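With the hints as constraints, model all of the structure from the sequences given.
The residues making up each chain are set out below.
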Amino acid sequence: MIVTDIRPLLAVAFPLVASLLILFSGKKPNIREAFSIIAAVGAAICALSMSSGVVAGNVYEFVLCPLTDTLSLTLRVDYAGELFACVSSFLYVVVAFYAIGYMRGHHEKDQTGFFAFFAICICSAIGIAYSANLLTFFVFFEMLTIATWPLVFHERNDEAKFSGRKYLIYTLIPGQLLLVGIVIVYAMSGTLDFVAGGFMNDSMGSKLMLSVVFFLLVGAGAVKAGMMPLHGWLPSAMVAPTPVSALLHAVAVVKAGAFGVIRIIGYVYGPEVLSGLKVTQILAVFACVTIIASSLIAFSQDNLKRRLAYSTIGQLSYVVLGACMLTSLGMRGAFFQIVAHAFMKITLFMVAGAIIVTAHKDNVSQMNGIGKAMPFTMIAFAIGSFGIIGVPFFNGFVSKWNLLRGAIQGGMPIYVVVLLISAMLGISYLVPVIFTAFFPKNKETEFKEFHEANPFMLVPIMITGVLSVVMGINPNFGPHLYDLATLAADAVMKGVVH
Amino acid sequence: MRHDREVLLIMIMNHLPVLAVVVPLSAALLSLLLSRINKNLGKAVVILSLVFAFLDAVGLTAQVLQAEGHLIRYAMGNWDAPIGIEFYVDPINALLACFITFIAMCASIYSLSFLKDREWLQSGGYYTLIALLTVGLVGMTLTGDVFNLYVYLEISSLSCYGLIALGGKRSIPAAFRYLLIGTIGASFYLLGIGLMYAMTGSLNMADMGELLQSQMDNPLMYLVCASLIGAFGIKMAQFPFHAWQPDAYAYSHPGASPLISGAMSKVPALAMIRFFFFIFGVQNLVIVDATRLIGILGALGMIFGSVMALNQTDFRRMLAYSSVAQLGYIALGIGIGNLYGVTGSYLHILNHLFMKGGLFFAIGAIQYRFGIVNINQFGQLHKKMPFTCFTITMGALAMVGIPPTGGFFSKWYLMMGAMDKHLYIYMAVLVLSSLLNAIYFLRVLEKIFIAPEARLADRFDKEARRDGAAAKKHFLEVPAVMLVPIVVFGIGIVAMGIFNSQIVEFVAQTALKGVF
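Going down the list, the sequences are from chains W and D. Residue numbering for the first sequence is 1 to 498, as defined by the numbering used here. Residue numbering for the second sequence is 1001 to 1516, as defined by the numbering used here.
Hints listed in this document are in silico derivations from the structure and should not be mistaken for laboratory results. Keep in mind that the hints are not guaranteed to be accurate.
[As the list claims (entries may be wrong)] DSSO-like cross-link-like pairs, simulated, lysine-lysine; straight-line CA separation at most 30 angstroms:
| # | chain 1 | residue 1 | chain 2 | residue 2 |
| --- | --- | --- | --- | --- |
| 1 | D | Lys1383 | W | Lys166 |
| 2 | D | Lys1447 | D | Lys1383 |
| 3 | D | Lys1384 | W | Lys27 |
Bear in mind that the values here come from a model prediction, so they are computed numbers and not experimental data.
In C-alpha cells, the structure reads:
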C-alpha cells in the first residue's frame, strides 16, 4: 500500500539543513557538533521508525518537486531502500560521535568543512537509498561524488590534492556515462521508476544495445564500489581522516555504489532480461577477480588503513557477485552483505583511527602487543575481523552463508570456490593483526600500561562491535534488516523459477 | 484622485512592452545631465529606471502567460503591423527580458562601489552606457521587426564597445577589435535582412515568415542563412567567430562585465532561435541544413573553448573561453532542432546568464578587494571571502553540470533531444565537454580550497593604514552593494535548477510547441 509520508524527506533534509548550519557555526565548535548530532539522530529516527511499516508491506512515498518536465524528485521507501537507509542513518549517529573524539583528539584543521560535507554525504546516501527513479538517484549520486571530494583532500597537502584529483577522475567520468545511460533508458522505455523485477524488456532494443547500456549504467556504481580494475581511487583516498575512511569505506560512498549496482540489476533490468543477456556473468567474473586479488593485495599491506581499504574492495564485490547470481538467495546475501559489512568494516576503521589518535601508530608491524594497552578496542577489532572472515555467530556469516546457498541454488559451484578462498585469505590478512596485538613476539613491547581511546571513540566502537555479534546471532535484531533483505530479494526475483 | 491613479496604472499595464525600453532610454539620456547637477542623481535615475524595467518585464511575463494564445503583439504608436513596428512578446522572450533587466539592475547597483570616487563625467557616462546597453538588449529581445532589431543591435553594440573600453589600458585595443569585427557582424545582418526584404517586401517578422514559405527553395535563402549565421555567430561569439571575445570579456570594466558576458551574447542566440524556428520554420530543407551547420559549429566550439580555457591562468580569460564553450551548448541545441533540443538551448541561455553573471560578479569582487585575477593567487580565499567563494563554487558546479544546479538540467534536455534524433555523437560531445569543464573549473576550486595562502595586498588594510583610527570597520567581505548581487546569483544558480521544470513547462514549451 502506498502511503504519502514526509519522513523520507525529513531523513534526507536533516543532514542537508545541518550542513548549512554547520558552515555558519564554524566559530563555535560545541554548537557545530550539536547540529551534527541532532541531524544524525533526527535522520536515524525518521529512517528507523519506518522499518516495521515497510516490513508490513507499506510503501512510503513523498513527491518533493518536479525535476524536469516529465520526471519528479520522488522519494520512495521500499524494502531495499529502507535497508540501506537504516544502515546509513544509524551509522551516521555512531560516526558523528566518533568523529568528534577523533577530530579533537587529533587536532585536525578545517573541522567545520569536514563536518559540513560529512553531513551532505549522509544526506546523499539516504537520498540514494530512497530514490524512486533513476534521475533522482542520479541527482543524489552526483551530490555524493562532489561532497566526498573535500573530505578526500581534507589534509590539503600535495598527496591529498592528487588523491582528490584521482578520486574525481575515477568518479566523474562514469557519472557522465551513467547520465548517458539514463537518457538512453528513458528514450527506450519511457519511464525511469524503479520497479522490483525491472522495467526493461527484450523488445526495447537490440541485445547489443541493451548490453552496452547496462555497462554504462553499472559503471558508475562499480567504480564507487571499488571494483577492479576501477578501484585505484579507493586506497589513495586513505589520506583522508579516519572517520571519513570509516564513512567512505563502510557506509556512504562505496555502499552507494554497490547499492546502485543492485538497483540497476534488480530494479531497472530485472533478472529475466539479464539472464537472456548474460552481461551479469561478465560482471560476476570481474567481481570474482576483485575478491581474490584484493585479498592478496591486502595481505601485503603494512599500513592498517590501507589493508582495510583493500579488504573493503573485496567485500563489496561480494555484494555485486551476489546480485549477479540472479538467484533469490544470492540477492538476499547481497542485501544483507550491505548491512553486515557496514557494521564490521566501520568497527575496523574506527579501531584503526583510535590507534592512530591514542597510540600514534599506522602500521601493523608497530602494533606489537597493543592489545595490552587497548584491550577493548582490539577485542572489537577481533569481532570485526571474524565477521569479515565469516565465522558463524558473527553477522558476516549470515550474508556469506546466503551467498553460498545462492551460488548452489543457481548451479554455479565456481562461486562457492571463490567465496571459500576469499574466506581463507581473510584469515591470512586479519588474524595476524589480532595475533600481533595480543601475543607479542618479543616481550619488549612499548605498550605496558592500560591506555584506552577516549570515550567518544571507544563507545561507538563498542556499540558497532556488539551489534556485529548481536546481528550474527539474531539477524533481525532492531529494524528487521534480515526480513527486509529477504523481502527485497524475493520481490526482485518473483516470477523467476530456479 | 484615486481614479486618476487607477487610470495611470491601467495605462502602464497596457504599454508594458514599450515602457521596458523607453524608461531606461530616457534615463540614459538624462544621466549625464543630471550627473552634472549632482553625481549621485545620475546614478540614482539609471538604477531606478532599471528597477522599473525589471518590474515591468516581470509584469509583462505575467501578462503574456495569461494572454490569449500566450502572445502579445504591441503596435508601436498604434501603427499596425506589417507597416508599423511591433513588439512581439511571447513567453520565451518576455522571460529573457526579465533576466536581462535583472542582471542589468544588479550590475548597476554592483558598479556603485567601483565608481564611488569618480568624477561626474565618468560616472554619468558609465551609467548612460549601462542603461543604453540594457535598452539595446531588451529591445532586441522583444521586437517583432527585423530592421528594428538591427537598430537595437547597434545600440547595444555601441554601448558595449564603450563599456569594454572603460576597463583600463589593455581594454582599448580589445574594444577596438570588437568594434571592427562587430561592425562586420552587423553588416552581415543587414545583408541578410536586405535580401529577405527584397524577396518579400516586408520587415515584420511574422508577416515575413508567412511570405517566405513559398520561396524557401530560392537559392538566395542559402545566402540569407549564411549571413544570419555569420551575423549572430559574431555577436554571440560562436566558434569560429569568437576571436574578439576573450580580450573583450577579460578586460572590460569589472562592473559591467557580468552584464556584457552574461546577457550580451544570449540575445543574439535567442534571435537565432527566433529566425530559424519561428520565422523560417524547421520543416524547410534549407533550414535543416543551416541548423545542422550551427550544431556542428557548436559542437566544435564546445571542445575548442574548453581546451583553450584549460591553459588560462587569468580567471576572466578562462571564463571568456568557457563562454565560447557554453555558447556552443546553445548552438548545439539549435543544431539538434527538435522540441527538447531547443528547450535545452533556451534553458541554457537563462542558466548561463546566471552562471557567467555570478562568476563575473565574483571575480569583480576579488579584483576590487585584492586586485588579483590570476587563479594561482586564490589560495585559501574562502577564509577571506566565503560568500564570493560560495558563488564561484556554485558556478563551477553548474558549468560542469552537477545536479541540482541549473547547468545539469539544460544538459539533460539537450541530451534528450540528441537521443530523440539519434545524434549519439552530440551526446558524446556533451559528455566530453562536461569533463573538460570539470578539469578547469574544479582546478579553480582546488586552488581556492587546497593551495596555500597567497600574500595579497588587501584593500581594506590599505584603507585602515591610510585613515588610521578613523577607518571604517568592515563586517562584510566586500561592500554590501557588491555582496548582495554575488549571493543572489549564487543562490540563483541552484534555484534555476530547482525551478527548471516550471520554466520549461510554462515558458519554453508553451512557445515552442507551436513551432514543432
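Taking the hints in turn, this is what the structure says about them:
no. : hint                   : result
1   : D:Lys1383 to W:Lys166  : holds (25 angstroms)
2   : D:Lys1447 to D:Lys1383 : holds (13 angstroms)
3   : D:Lys1384 to W:Lys27   : holds (14 angstroms)
The structure fails none of the hints (numbered hints given earlier).
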